Each structure stands twice: as structure tokens, then as C-alpha cells.
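**Q** Chains A and B, in that order, give the protein sequences.
Counting with the numbering used here, you get residues 33 to 416 for the letters of the first sequence.
Counting with the numbering used here, you get residues 33 to 416 for the letters of the second sequence.
By construction, these hints were calculated from the structure, which means they are not laboratory data.
It cannot be assumed that every hint is accurate.
One copy or two, either will do: identical chains are not told apart, so a pair holds if it fits within one copy or between any two.
What the hints assert, rightly or not - In silico SDA-like pairs for lysine to any residue, Cα to Cα no more than 25 angstroms straight-line:
| # | residue 1 | residue 2 |
| --- | --- | --- |
| 1 | Lys34 | Leu295 |
| 2 | Lys34 | Asn209 |
| 3 | Lys34 | Lys304 |
| 4 | Lys34 | Gln79 |
| 5 | Lys34 | Arg301 |
| 6 | Lys401 | Gln311 |
| 7 | Lys34 | Glu292 |
| 8 | Lys351 | Glu292 |
| 9 | Lys34 | Phe299 |
| 10 | Lys304 | Thr406 |
| 11 | Lys401 | Glu414 |
Just so you know, these numbers come straight off a predicted model, no measurement behind them.
Number of protein chains: 2
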Amino acid sequence: MKSDLALMIPGPTPVPEAILEALSRPPIGHRSNEFKVVLQEVYAGLQWIFRTQRPVFLYTASGTGAMEASLINVLNHGDEVLVLSCGVFSHRWAEIAQELGLQVHLIEVPPGQSNTPEALETFLKGPQGQQIKAVCMIHNETSTGVLNPIQALAQTVKKHSDALVIVDTVTSLGATNFEFDAWGIDIAVSGSQKGFMIPPGLSFLAASEKAMAQHQQCAAPGHYFNFSKYEKVVEKGQTPYTPAVNLTFGMQKSLALLQEEGLEGIFQRHLKNQQMVRQAVKSMGLSLFVESDTLASPSVTSVLPPDGISVDAIRAGIKEQFNIVIANGQKNLTGKIFRIGHLGAIFPRDILTVVSCLEVVCHQLGYQKTPLGTAVAGAQGELL
Amino acid sequence: MKSDLALMIPGPTPVPEAILEALSRPPIGHRSNEFKVVLQEVYAGLQWIFRTQRPVFLYTASGTGAMEASLINVLNHGDEVLVLSCGVFSHRWAEIAQELGLQVHLIEVPPGQSNTPEALETFLKGPQGQQIKAVCMIHNETSTGVLNPIQALAQTVKKHSDALVIVDTVTSLGATNFEFDAWGIDIAVSGSQKGFMIPPGLSFLAASEKAMAQHQQCAAPGHYFNFSKYEKVVEKGQTPYTPAVNLTFGMQKSLALLQEEGLEGIFQRHLKNQQMVRQAVKSMGLSLFVESDTLASPSVTSVLPPDGISVDAIRAGIKEQFNIVIANGQKNLTGKIFRIGHLGAIFPRDILTVVSCLEVVCHQLGYQKTPLGTAVAGAQGELL
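Bound conformation, chain A alone:
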């Protein structure tokens, strides 16, 4: 017999019992008054967590769907966009934009680094800067574990351009502070299976007045993701098309749990998770892929394996012996780093567990630079 699976990847994240119960209710009619109440609560909760007065749209689609929606609703074929890339997920903006027939400009940084306002400013002040209709960026780059300075990046765009600021907040929302209105964001997208602690299948999109105005100029905004259709029904507590009803029950419960904890509580918990993991890793003499505490993600921590020990062996050991899943690196980073997710319903107890298991497995695989208990002691120390 095995322990039940523990997910410590950067999503899907573990689903708390209270949310599993909500997900397990028999579905109800999505046009019923009862469901209207559910949706109204969800819409209000989304505004709370996006920190916006704007309506937030609920898409039955994964985050990638909402990313596509961000572009097709406000841009026309041939429009120029700037993508700030710092890893696999931020680079996805460029891929989607290209497939949609947009002209893509790219600012890339090496993996493990964040995008900088300086590079952005240089580009925007350069010869191509004024053509840019939208700047796409990511708040938390899940593939490397880097947190981008979104507020500063958004300010830079506003200062030097009229472009829309479009942000992927898939793995940052519900983990760290994000302020849609105050930071002047035009479009932000997130997904259900991350900070919201429910299974994949829903995504959320906030659009500013400026984005909605630009949407009016859009020749082919499509049907299923069309902003206008969503905006029209949010106030009525509806969705334009059939939503994933049971995932919506889950969101209602999720938002209730998050509101009970409060934004500051949520952010502090994720920061504590991150600090515990980082201290454990350093204590046992391993290297963090993102050295700077300032750039470190609150949601996922990337670690370099010890010399001579493969990421596969570490992941397999932790999975087989303890039934905990941690993530490999992605694309070029596959086999170069492993990633410990600490996003959503993850608590200090879980961090103590995973670093304890990691330490055992590394020891078994021959890494004995520090005695057993050293990594855990690092994490424990953060709780005193």
C-alpha cells in the first residue's frame, strides 16, 4: 500500500477536502437562480483577488485558452506585440501571437533571470517601440521559479508607450501580491489549478477599460472567448456559454477559504513556504537555480541536483518511496533542475515533509555532504 499521492509540482496543486466536497455535489442548472448566486460569489471573489473593480470573466478553458483570448480580443492580424520572455511559459505568448498572425518582438533573458524594466525601456524608446500594440509578460515564470517585477514593468510600458499591458498571472495569483487596477494592468489571466487549488478546467481574465476599448476595434475577436459576450453577462451572474458547473462550485469554496485567510495571510504563507524550501536546500549544500531572494518565486523553487546525481533518480526516489511528485525542469532545463511546487494548499507541514524526503533520497543516492536532518533543520528554523 502507498500513501495517497502528494502533488508538489507547480500545478495542479493539491485540492483541500472542503473543495473536493464542493466539487462532488450533483451539478445544478447553469441558468438556475441557485447557480447565479454561486457565480456572483465567484465573480466578487475574483475581483477581490485580482484587486480590481473591473469585471473578471470566467472561461471554461485552461489558462492557455485565456492567453489566446487576451490576444484575439484586442489585436488585429499584423499588429506588433512585444513579448518579455524569461522561460517556457512567458515564451508561450510569442508562440500564440505568431500563430495568430501577429508580428512578434521578443526580449529574452537567460533562464533563472527576470525581465527588467531597463531592457523594456530601451526597446520601447527604440525605433520599433512605438509600433507595439501590446506588451505580454509573465508574473511568475513557472519553468524557472522567477518572479518578475510586474509593477515596474507595467509602469515602464505606461511611461513610454500606449501599448496594452498583458500579464500571465497563472502561478502568481493567490500566491503573491498582484494589483490589477493600481498597477495599471490591461489584461491579466489566471487558471484554476494553481493558487485556487481546484482541478484544471477554468481560467479567469480581467480586462481594463482601455482593453475593452481596443477590443471594439478588433476585427476578429472570435466567438467562444469574445470579451463582449462575457462582459454583458457578468453583472447578471451568468456566463455566456455553459460553464464547468462543478469546477465553479469548487471556485466558490476556494475563494471562501482564501478570503477567510486574507490576502496578507496567503502571501505570507507562500513566502514562508519558499523561505523554508530555500533554507533547506542551502543547508544541505545544494544550489538554488535562482540565487537572488528578490527574484525567487513564491510558488515554485528550482534546485540543481548534486554533482553526479540525476534529476530523474531524485524524482523517482521521492515518488517511489514517499509518493510525492516534484517536477523536472522543462525543455532545455530538463534534467538540469528539479522543481518543488509550494503553491496553493501547501503548508509548512508539507515543506517539512518534502525536504525530509528529499534529504533521505539524496543520501541514499550517495550525496552525504551534510548529515541527515540538516535540510530539515534549515526548514524548521524558519518556523521559530
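With chain A fixed as given, assemble chain B onto it according to the hints.
**A** Chain B only, in chain A's frame:
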């Protein structure tokens, strides 16, 4: 927000996801052919784990009900019974027997010790020995964390007396070896919320041919727990009265999981849990209530708190910070020991977690005799 509750008490034990799913099925008719198949699997599984060819009865009642059934079915008012007591739960035999109008003789040992074949032999060879109709004992004394030498105790009874051997296996079955047939046990009782990993509400009773013969001489065996009524229907895949249908679904799944792991696997896992906890406790300089490894329970470990730190403070710290429940001592041992349950669906991962949390809390409460990580290192070391 909090972690989901983690039970590390000696029952109820955590319920694995696969069993929760089984419990959540809509109930079916308990006289249906479909339920007959379920019951037949459960009956066969119970025989496997009791290690008996005898039918095992399924009572919709908690373990105490099955304890009462053990006595009322085979003894008559005024009969003499001997109770081997080594703690709260073994002493319960005496309380039930007295209330049923039986004459009770008691051999008691101080808490933390086991009953011995020597004391039993002395009694049975003594002047009152031959009057004894039944000797009641416990396999695993949950209140102290002591494992009794049941095989030797049963042999001693058989050698010196014609009395029935009646054993409470509530917290031993599914944790350590118990052999109903080979050890010559006459009646054994167990419950659902311990090694079987399902919620409370079912109990199980095996009765030998000798017990059934004595049952025929019993003037007032009652109705609901009456052996004859159960024996008659086991072969048909039935129960005499309406059983807790959904708990029976849970038992079916539980037994399937246990059989997949195999008896040896189950016993080794519990032994490993025990060794990890005991080594962690010793490593951090705390004292085990049961010093002898031989007597130590595979299901629960009792620990003395550090000087000057209360059991309540330790339990509260672990509950409030980590949402893990560990047990207090019971009756006279309340506040003197705390007990860590490691029975049922508990795995090395859980032990690493609980000792890690225990260490943090003791440290916070001022116990800093050993550095952080020391207890965990003790537990980790058992996994190499």
C-alpha cells in the same frame, strides 16, 4: 487556511482516498446479489487477516459491542472469568464482565508493562484456576503502547485450563501478526477504524469450534450479537440484520488494499513506523514510556514530555501549527504521556512529518537539548 487534518492517534486512523471513494457510493440493498458479492469478499478477507478457517462475524457496532458479544455468547451469569489487564482497554474486559454479572478475577501489571505467561500460569495453577471459564486479554494495549505476547499467553491457558481464550485485537489486527487458528484462540474481536482504515461502526469477531460449543450451553446469549444467528448466514454471504452497507463497501476496498500489500508487507511497514518514531524520540533525548523494543506496540508509541513542558502544550502546538492530532494519555496517564499513532494508512512520509513537527514545537516550548533536525535524522536513518 489550514492543512487538512492529519490523524496520528491510535484510531480512528486516516482513510485513504480509494476507501473514501468506496464509502461514497450510493448504498445498495443489503439483500441484493450485488451486496452478497461484497460480503463474501469481506468475509474471505477477514479470514485471511485473522488467519482462520473459521467464519468471521461482521457486527454493525463498535469494538466494545463485539467485546460484549464475546462474553454474553459463551458465559452464564455467575461464571468466573480471568482478565489480564495492562491498561485502560484490557481493563475494559473486567468492566463489561462485571456488568454482565460474571465473577471477575484480575491480574494487573503496571502501565507500560505487558502481561506475562508466568503470572497467568501461577494463577491458573492456583486454587481459583480451575473455575475460570474464560481468560480475556488484549493483544495491543492502546492506552500505553504495549504489545502482549498473545501466543505464549494463549498456550499457557491451553496448558493449564479448559478456559476459552478471548482476545481484543482491535489495534493489533492489520498491524502485527495474529494467528487465530495456529495460536488456539477461541474468540478474537477487532474494529473497523484501526488497521482497517475505515471509519468507526463495524466490528469483527471470530469464534472457534470450542467457543461455538460453549455458546450452545449459554442460557442468555441475547439477540443482536447472537453467534448462532451470524454463523448461519455467513456462508450465504449475508448478515442477520441490516449491516452498515457503506462501511462494508469500505471494508471491501480496505481488504483489497491490504491483500495487495500482503501480510508481511503490512507488518513490516508498521514495524518501520514504530522504529522511526522510537529512534526519533530517543535521538532528541526524550524518553519512551515503553523502554523495551520487544514490548513496544507496532500501532502507537507513548512518549514522556520533556521536563517542565506539558503534554497539552505539545499537543496544542502540533494541532494549531500543523493540524496534526496526536493523543494524550488516558485516565491516570493523562498529562503524563503523549501518544503518536502509526496504525493503518500511515507511512514513513507521515512519520518524518510528525517527528519534524514535534521537534519544532518542543523547540518553541523551550526544549532545546538537541539541535533542530536531530529527531528527524533519527527517523530518516531508519530508512537507509
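**Q** Could you run down the list of hints and mark each one as holding or not?
**A** Against the structure, the hints:
no., hint, result
1, Lys34 / Leu295, "between (35 angstroms within a copy, 15 angstroms between copies)"
2, Lys34 / Asn209, "between (37 angstroms within a copy, 20 angstroms between copies)"
3, Lys34 / Lys304, "between (29 angstroms within a copy, 14 angstroms between copies)"
4, Lys34 / Gln79, "between (40 angstroms within a copy, 23 angstroms between copies)"
5, Lys34 / Arg301, "between (28 angstroms within a copy, 10 angstroms between copies)"
6, Lys401 / Gln311, "both (16 angstroms within a copy, 22 angstroms between copies)"
7, Lys34 / Glu292, "between (33 angstroms within a copy, 11 angstroms between copies)"
8, Lys351 / Glu292, "between (33 angstroms within a copy, 19 angstroms between copies)"
9, Lys34 / Phe299, "between (32 angstroms within a copy, 14 angstroms between copies)"
10, Lys304 / Thr406, "both (18 angstroms within a copy, 22 angstroms between copies)"
11, Lys401 / Glu414, "both (22 angstroms within a copy, 19 angstroms between copies)"
Figure legend: structure checked against the earlier numbered hints; every hint is met.
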